[in-house]
Every structure is written in C-alpha cells, then in structure tokens.
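Participant: Respectively, the protein sequence lines represent chains A and B.
Its first residue numbered 640, the first sequence is counted upward by one per residue in this note's numbering.
Its first residue numbered 640, the second sequence is counted upward by one per residue in this note's numbering.
Please note that the accuracy of each hint is not assured.
A pair holds if it fits inside one copy or across any two, identical chains being indistinguishable in the list.
Subject to a maximum C-alpha distance of 27 Å in a straight line, what follows is the list of computed DSSO-like cross-link-like pairs (lysine-lysine) [to be verified]: (1) K1005 to K740; (2) K1023 to K739; (3) K1024 to K885.
Keep in mind that the hints were calculated from the coordinates and are not lab data.
This structure is a prediction, so every number in the text was calculated from the model and none was measured.
Number of protein chains: 2
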Amino acid sequence: MIAEIISIGDELLVGQVVNTNATWMAQQLHEIGIPVRQITAIADNSAVIIAALNEAFAHSDVILVTGGLGPTKDDITKRTLCSYFKTELVFHQPSFENLKKLYAARGWGEISEVNRKQAEVPANCTPLINHLGSAPGMWFEQDGKVLVSLPGVPFEMEGIMEEYILPHLARQDNQRVVAHKTIQTQGIGESYLSELIREWEEELPENIKLAYLPQPGMVRLRLTGYGESKEKILKEIDERISTLQKLIPEQIFGYGNDTLEQVVGRLLKEKHLTLCTAESCTGGFLAHLITSVPGASDYFQGSVIAYSNNVKHAFLTVSEESLREFGAVSEQVVKEMAQGARLRFNTDFAVSVSGIAGPDGGTIEKPVGTVWIAIASKSGVTAKKFMFGEHRGRNIQRASLAALNLLRMKLTVDS
Amino acid sequence: MIAEIISIGDELLVGQVVNTNATWMAQQLHEIGIPVRQITAIADNSAVIIAALNEAFAHSDVILVTGGLGPTKDDITKRTLCSYFKTELVFHQPSFENLKKLYAARGWGEISEVNRKQAEVPANCTPLINHLGSAPGMWFEQDGKVLVSLPGVPFEMEGIMEEYILPHLARQDNQRVVAHKTIQTQGIGESYLSELIREWEEELPENIKLAYLPQPGMVRLRLTGYGESKEKILKEIDERISTLQKLIPEQIFGYGNDTLEQVVGRLLKEKHLTLCTAESCTGGFLAHLITSVPGASDYFQGSVIAYSNNVKHAFLTVSEESLREFGAVSEQVVKEMAQGARLRFNTDFAVSVSGIAGPDGGTIEKPVGTVWIAIASKSGVTAKKFMFGEHRGRNIQRASLAALNLLRMKLTVDS
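If we strip away everything but chain A, and leave its shape as in the complex, we get (with noise of 0.2 Å):
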C-alpha cells in the first residue's frame, strides 16, 4: 500500500505557511509501516485540485487530502470533489448535530446559513465526524483505492487522522513492517563522513537502508529497515550501530532526537558537575545552546562573552603579554580564558571559544573560519585548533557544536 499526500492552501504557494501538516502526515504513516510517495502542494483551484488527484491516483492507493474545507469563498475543496465524483452535496444530520454541539460548547450562538453548509458532504463518502471543528472528514473508495479529504486546521486534521483513519490504513496494510533509528553526528561533514563508512554501508543487507541528513556542523543518518516484525528490524539495526560505533566513536553523540546540548547536560547532571563558558567569536550562542535545555541552571553557572580583550582581560583574567605576543585567537589565550573562567565561576569544567567569525578580520596567517577552542577541569586544560568556513553565521554554529561535542568526549573519559 502506497499513500500520497495533497495539501490544498494558497498560503501554501506563497511561502506564507510552512506545510508541517503534510511532515506529520508522512511520520504517522510512516511508523505504521505505509510508505508516502509523493506530498504535493497546490493552491484552492479546481482544474489544478482535479489534476493533482488524477496524477495521485495513478501513482498511489491511499491518498489523503487537506484543506479547502472552511466556509468561505476560497475554500472549493468539497465542490470540486463532488465534480470529480460526479456526484452531489448532500445533507448530513450527525455533522449538523456535531456542529449544534460545537457552538453550544463554545457559545456561539446561532448557526448561520452558511455554515450550515458545513454540515453538507458528497453523496459518494463516508463522512468522518469532527469532534475538534465544524468541517467533517470524508473517506472516499473508488476503483479498490481509497481518497480521504480532511480540513487544514493542523489539531482537526491531527484528531481525524487518529481516531479513524490511521487505524483504519493499518488494519488494511499489516503484511509490511518498517522501523528505523537515526544516530546523530557531529565535526565531520557528509562526504568525508561517507568515504569514512563506506565499507560498512556497503555490507549493509538489502533490506535495510541509509540516509545522510546534513546540518551545519552535524550529520544525522537514518537506518530505515524492512522485515516481517519491528522487533526483528530493530535488532538487526542495532548490530549495524554497534559496528558503526566502533568506526567513529568521536562523532556519534547521540541517537534519535538527542542533541548535542542535551547529552553534555545529562552527563553533567549524572556526574554532579558545573559548567561554565567563556566565549569571545561564537558571541553567547554556546552559552544560548546550553541553556535551551530546560534543567541547565542545575550545572550551568554563567558565561562571559569577551568580545573585546579588554573584557578578556578585566573577567577572564588573560595576560596582557598573551594578547599581545599570540593574539586573541591563539592557544596560548583560549587557554587561559578557560583557566580564568573556571577559576572565577568556580565550576568542574570551563569551555572557551576564540576565533575569526568573519567576513571581515582574517589575515594569512588566520583566515575567516580559524577558531580555538579549550576546555578546563581539574586535569587542565586542552585546547584544539579548527579551520571552519567563510560564512559567520554557520562558523558561530559550528563553533559552538564543535566546543560541546568536545566537551562530551572529555565528560566521557575525565572526571
């Protein structure tokens, strides 16, 4: 069984409105095991609605339909469902007593001839009560395959999805299981990343695939598998990761949803340890990543942003002569931003970053994208040198990524 998505909406087209509808469309199907071939967006026109269904049909046997389903004047996705069916509105009493409900609860008062018209559907359907909103659903069968057509309103579309018509697909469509997990990686970019496993995605079975998922500073891969149950895929990928663990165990922080900034905060949480910062060209946004997570003040003490040296110096207490002799973005500095930063916050462990974000302040011998960065404990201090991009935006991200993504390696062996 394949399924296809249509998302029906100007705003849409426009770029006025992401579709996150159709991203969780494709999830659910997705976990019950019924591939999306296709999700397609178009504006509220009939002749174009028609052509996308006739395309859907031919490539697809499930193909659910969001949108155009309001009370005003743009919204033709009923009208032109009944011309595609050949077929005619007709009066549904349940979805009228479902709508008398609705403005009872929400005190509304009378219901207007208009939107009485809610309550119509083609003659053709099953119509689909809607508990959350005054458009119904409707499951439409032609020719063995099936079409539903559900409002946009993103919860009405989530409540229909889940009362009926996921389990109802997945009652139709239990031969095929699928499963899959994501491993999170981080300092190595796609194509190195790729030469680096080649062997192992090569050895991997038919039935399992690999996809590479780039970010800034981050690759994610999915391993989606196929097979007669979840609990034999799941193993068998399982086996796969382990082997791929021992090939890059520097890169892979996480898996699933992880991220970089939530895997430091457990293991510093597990291991009652206190952080701080100390960031000159990466400008708060280490210290943004740290506090997004909700908990960071049990080991987050503070930060100082030192973009001038004088700052460097008056709170980090770096030397005068280091700035001086070596610059501020040098080894010899960083590491004493991160030696005076832990000593003045009083914490297990400081991190500094100090580097050339650009576009502008690169010579020869730094050039844009040259960042230090440095991590104290009571072990010392380690510093590491990186050559990143042209681009401020995405150096101050690979930057920050990069400095936690140390900091985990250290939190894993240290301490």
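Given the coordinates of chain A, assemble chain B onto it according to the supplied hints.
Facilitator: What follows is chain B alone, placed relative to chain A:
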C-alpha cells in the same frame, strides 16, 4: 510564467524534515511576481523523479528542483537528470576550482575521488557555481522551459537562488508589475495588531494587499501592490506606510529584511556608542542576536550571563540584599544588573534581562513567562516588566527581542 518546485529527499517523505526550502523558494518567487503552481516532495528514487519531472513540464514553465546532489550513494538527482535529458556527465573545471578553494579555506586536505565527482555536471546544463558548498547548481533549458537543479542544503540553495536564479527569472518575466514592501513590527501579537490597524487595513485600495507574517515576538506586515509601474506602486505603498507609522510608532522597527539587531547596531554605530548586556533567563541569546551582525565588535563589548545568583553578585555587583529581599526576577535586581554591567564593561549602554523562562521555576506571584528588562545609560536606569507565555524557547526569543526593541526606542530618543 508559472513555476513549480520539486523537493527531493527521503527525509521529507518519512516526516523527519519539514520542507522549509520549498516555503522559502515560494516566498521569493511570489515576491518577484512569479506564481507557484505546485510544490512536490518525492523520495530519492529515479523513476519517481522522472515521473515528477514529466508532470511538472506539462504544467509549468520554470521547474526548481532541490536535493539529491550530495556525494553519497543515496543522492541520485544528477544521474537521473542525465537519463532524463539523454546526456552524460562532463567534468566542469570552474566547479572544480571552486571545490579546491573550498577545501583550501576549510583546511580539508586532499580532494578524494568521490568528491571530485561533485564537479561533474550533465553536458547540456549551464553550471552555477556554489560559493557556499561543493555541489554546483545546474540550469537546463528545453522547449522554452527552464529546469534548475539546486543543492538541498538550505543556505547553499538560497545562495544560488539569490545570486543567479531570482535575478534571471525576474528579468525574463517583466510584463507583470508587482511591488511589495515589508514592515517589521515587534512586541504585539497578530490578532491584537490586526484590531489596532483594522480601519487602516479596510481603507487599503483594491490593488494593494496586506499579509500578516507572524514569528515569535514579531509580526511582519507585507504590502503587495499591482499596477502599471513599480515606481507608482511603491509610491502608493509608501503613502499607506506613513499613515501606519503614526498608528503604531513603537512597534515598527524596520522595513524589508531589517532585523532588530541590525537596526540597533546601525543606531549604535551612527552615534558612536558602546553596549554590553547582562543576561539571566535569555542565557546568551540576546548577545547572540547582537553578535550575529557582522562588525558588532565596533560597538559590542561583551556580556555576562549570570545564571546563578553568585554570578550576579560577583560579576555584576548586584547586592546580596536585593537578591534576598526581592529575588533574582525583580525590578531592583534587573536594574542593578544593568548598572553593574555598564560600570564594569565601561560602556554607554547596558541591557539586562532577568526572568523565568520555564518550564520550571514559576510561582503564583511570578509565573513562568515573567521577565524584567532594564536599560542603563548615562541618563539613569529604567526597567519594564513583561509577561510572556509558557514555552521556554519562545520566552527566550521574545524576551531578547523585547530587550532589543526597548534599547532601540531608547536610542532614538536618548543619547
């Protein structure tokens, strides 16, 4: 001229990634007056890609394709385009030079055989150099129609769109005259804003349309006008904007793609003033916004992120009595934070934020979302209380933007 967008990537079809690329592209095309007929997301599957291309060429004049251009095995767009256009890959020296530059700048060492292939393009295309990444864009023409293939990494796609594709398409399609202007507002929600400006909105002429584009803490208002000449439309739009400016002077902080941090940065630079921040609940996000602007080091000295009371006392000279008596989230403490920071960093202005971002830490008197913001300057210190919502991430964002907007207002009257 009608456009269509095809997004290629397995991750879109399993609901792992929201298709923000397509939304961005649709918005850009809409802004230069080219309507988007359809957005289609499909998997990295050759047969499905070819079917989608056939359908798109039947509907539309310009087809923008993203994704599947990476060096890994699952990226098959380039091969598929070759078989679609019945051509083969050829080596493109300028793309290889770009690749070499990229490798040199990032210190990635030797270019492997796999990565060298990134400089190969179908023989019938015009390659578009990708200055921000390794996969070039590709411009194809066939039977008077255009197909463009772009990398799926958002900033790389955006770079090539802005540098080549949007200007080129705008030049090809100059019959329809459309012009627009965006007004940036801060500090007022979409629905309250729409009430405030309802009369103004109702008086807009037929040929000028208003769209609300809400983001956390900000609402952009986009005015789109249609007419005979761009100059005439822009003149009409400007007249409407000057009326609006009188209605909501505090909320409007800029126009077009202005960000609040850029506007604040410009004001500081013009007036030769310096700034520091002292942050508690925003955890570095305020400093991050300020330092995301290139050249921020001209006016920004640094920040103390005082996540614990000890740090507020030790680094910002907040008195222990005030912390004890009023608590960290109070008018008294936030004022002392701003004054202490201003003295210690020796700047003209200091902005401080202290609040409860959530999800924990709220009380009946000070619920989650309570935030105090203070601004200190030579003319003294002022503070304002805000009540935001329950969502940690959005509270951090809204508090940081509110702080910047307070500073902006101060900078336009004070100093």
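Participant: Now tell me, hint by hint, if it's right for this structure.
Facilitator: Evaluated hints:
Taking the closest pair of Cα atoms, K1005 and K740 come within 27 Å of each other only across two copies (16 Å); inside a single copy the shortest separation is 54 Å, beyond that limit. Only between protomers do K1023 and K739 lie at most 27 Å apart by alpha-carbon distance; the minimum there is 24 Å, versus 53 Å within a single protomer. Taking the closest pair of Cα atoms, K1024 and K885 come within 27 Å of each other only inside a single copy of the chain (25 Å); across copies the shortest separation is 52 Å, beyond that limit.
Of the hints listed earlier, there is not a single one the structure fails to meet.
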